[in-house]
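Asks: Listed below are the residues making up each chain.
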Amino acid sequence: MPEPLVDTGPETGIHAADQILEFTVPAAAAVIETVDSGRPRHRRDFVMWLAIGWLSVLTFLAVFADYLPFVDHYTTVFPGEYKQPPSADHWFGTTKIGKDVFSLTVYGARLSLLIAATAIVLGLLFGGTLGLISGYFRGRSDAGISMGVDIMLAFPPLVLALAMTNFTSGRIPRAAAVIIVLAILSVPPLTRVVRASTLVYSNREFVIASRSLGAKNGRVIFREVLPNVMPSMLTFALTGLALLIIAEGALAFLGSSVAPPQATWGRLIGEGRTELDDAWWISLLPSAVLFLTVLSFNLLGDILSKRFDIRESSL
Amino acid sequence: MKYVGRKLVRLVIVVLAVTMLTFLLMSLLPGDKAIAIGGPGRSEEEYDQIREQWGLNDPLPVRYLTWLGNTLTGDMGVSSAFNVPVSQLIKDRLPVSLYLMFYGLSLALLVSIPLGIIAAYQANRPVDRVLNTGAFGLLSVPNFVMAVLLTFLFALRLQWFPAISEYVAPWDDPVAHFKNLFLPVVTIAIGEIAVFMRLLRSDMVSTLQNDFITMARAKGMTSRHILTRHAFRPSTFSLITAAAVNVGALIGGTIVVEQAFALPGMGNLIVEAIARRDFLVVQMCVVVFSIIFVLANFFVDLMYAAIDPRIRHARALG
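As you go down the protein sequences, you meet chains G and E in turn. Just so you know, this note's numbering puts 166 at position 166 of the first sequence, and the rest follows in order with no gaps. Just so you know, this note's numbering puts 35 at position 35 of the second sequence, and the rest follows in order with no gaps.
Please keep in mind that the hints were generated in silico from the structure rather than gathered at the bench. Please note that the accuracy of each hint is not assured.
Stretch-level coverage of chain E by chain G, calculated; a stretch enters the list once three of its residues show a Cβ under 8 Å from a Cβ in chain G [said to hold, decoys possible]:
id	region
1	63-76
2	88-94
3	108-121
4	148-155
5	172-180
6	251-263
The beta-carbon is built from N, C-alpha and C at its ideal position, and this holds for glycine as well.
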């Protein structure tokens with residue numbers, strides 16, 4: 001049974017911040033929304049389609065990499081063609097051991113996207129459940145979950161990721177370890193987001209009405225609350241996807257993601273770094289691809305959040 | 001004051017919980033700790049001696065309390081990978097990271113505050129559009145990409161700064177100190193600038209809709225005065241919150257950036273310690289990082305009261 005609205009969980013620095021933001025922002029949010037949509041609608045749509053287009057092309061390449069004539073397998077080596085600059089044969093140039101950088105980037109896309117997407121789905125599943133529970137039932141379960149989230153957030157995420165991928169190496173496949181770690185890292189923020197919007201919705205009239213009609217908690221959560229929480233969940237998932245691609249890149253940059261010869265973008269960028277002086281393309285061209293991808297996800301997240309009218313401050 | 005006391009207690013609890021969790025994680029990790037500490041290839045007696053000396057035979061809670069007691073009394077043990085006292089390592093490495101974070105955060109605030117104010121004042125005009133688009137683009141550049149890009153442009157092509165930074169204490173040689181830290185600091189600051197600017201802008205835009213701003217304008221005050229004296233202070237909540245929450249990202253940033261520029265700081269230390277299974281050092285680094293994070297959040301909480309009298313009153317009452 002939800003308690004009165006005033007109690008918004010244990011008081012911590014961040015929660016206190018939430019409260020303050022909720023006090024100051026709502027009235028303003030409407031204003032910002034109308035002000036921001038001053039940008040012509042069709043131009044925003046155009047940008048959106050550009051982002052979708054880029055992601056589609058990338059996904060297509062990643063999925064069908066094995067069958068495309070212009071993509072070589074990531075183990076293919078071209079003897080004698082070391083550190084070749086970009087050309088018609090090698091669009092992104094070659095590495096110091098004679099691998100085609102474009103092909104590596106395409107295979108990198110496959111792994112990077114797969115890892116990030118799997119992790120965010122797992123994160124949504126667990127974070128969403130925890131957030132719904134703590135936002136809907138409040139009380140003790142909320143206090144426990146919120147405390148757990150606080151502790152998790154006080155833990156430096158990159159350190160946790162590094163420790164877990166390193167110490168489990170040799171026991172489980174590296175890719176799986178990375179997915180698990182990233183999923184764990186995405187649970188606390190998603191829990192917080194879902195909890196925040198569940199708190200709002202579980203006190204709305206239609207929820208109270210449903211409950212007074214005798215609906216059980218499970219029904220209220222899945223039929224009344226969840227559909228309303230969904231948009232903000234999905235929007236944050238898009239941004240989260242971008243963040244996880246970056247996180248995997250950082251791990252790979254530090255040499256703690258998948259093992260060679262498999263490649264992700266971060267590994268290409270990190271390893272090309274030592275060749276920056278005479279072969280900039282090894283590092284900088286995958287960087288550009290990574291940037292465009294992250295930018296696309298961020299753009300889509302941004303557009304969606306405007307469409308669903310989701311406030312950034314609930315983070 | 002009661003409020004501050006309550007907060008402090010909570011803060012200690014969170015730090016303790018983090019140490020406990022770290023300890024638990026470390027002990028759950030696979031591998032014989034005695035081998036990790038003493039190195040492989042010793043006799044069984046020697047390993048037994050190490051186990052005895054480090055208390056590895058004790059049950060977990062006892063071990064945790066021993067470690068906690070030792071740490072609190074200043075004895076952090078000896079690093080197995082570096083063969084020096086852990087306290088010495090932390091003392092050597094911590095300043096580098098603190099400088100990096102402090103400069104990074106200061107630079108970010110120094111750049112983002114004026115930009116945020118300008119963007120809010122010029123909301124939806126070309127200046128604002130350009131700033132917003134720029135910030136959005138910057139948000140999509142991961143710090144390791146930025147590090148590579150800056151190294152390429154300013155260290156390798158233009159050769160203004162060293163590609164591999166050394167740490168020089170500011171009192172030894174201030175010029176070299178800043179020259180070496182410049183690229184790492186800029187790398188860290190750029191990501192934060194985008195976040196801070198966007199937050200300040202959106203808060204400021206809403207503050208500017210308030211009646212007291214109209215009032216100030218009606219009284220004939222200059223835009224400059226209104227923006228910096230009236231509108232700025234109530235618009236800083238999101239900014240300050242983000243600055244505190246971002247300390248986590250900042251710590252992650254220093255790890256990546258220190259690695260990218262080979263700076264000998266805490267981030268570098270922890271990566272090495274993890275790779276060489278030096279549990280004591282990893283543990284201590286995590287504790288230090290968590291304390292930094294929790295303290296930052298604590299100060300931000302106090303800042304709210306300093307900025308907004310309404311919160312001060314509410315807290316005094318509750």
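Asks: Next step is simple, just say for each hint if it's right about the structure.
Replies: Against the structure, the hints:
1. 63-76: violated (count 0)
2. 88-94: violated (count 0)
3. 108-121: This one is violated; 0 residues, fewer than the three required, reach chain G with a Cβ under 8 Å.
4. 148-155: It holds, with 4 qualifying residues against the three required.
5. 172-180: violated (count 0)
6. 251-263: Since 6 is at least three, the answer is holds.
Hint violations for this structure: numbers 1, 2, 3, 5, all remaining hints satisfied.
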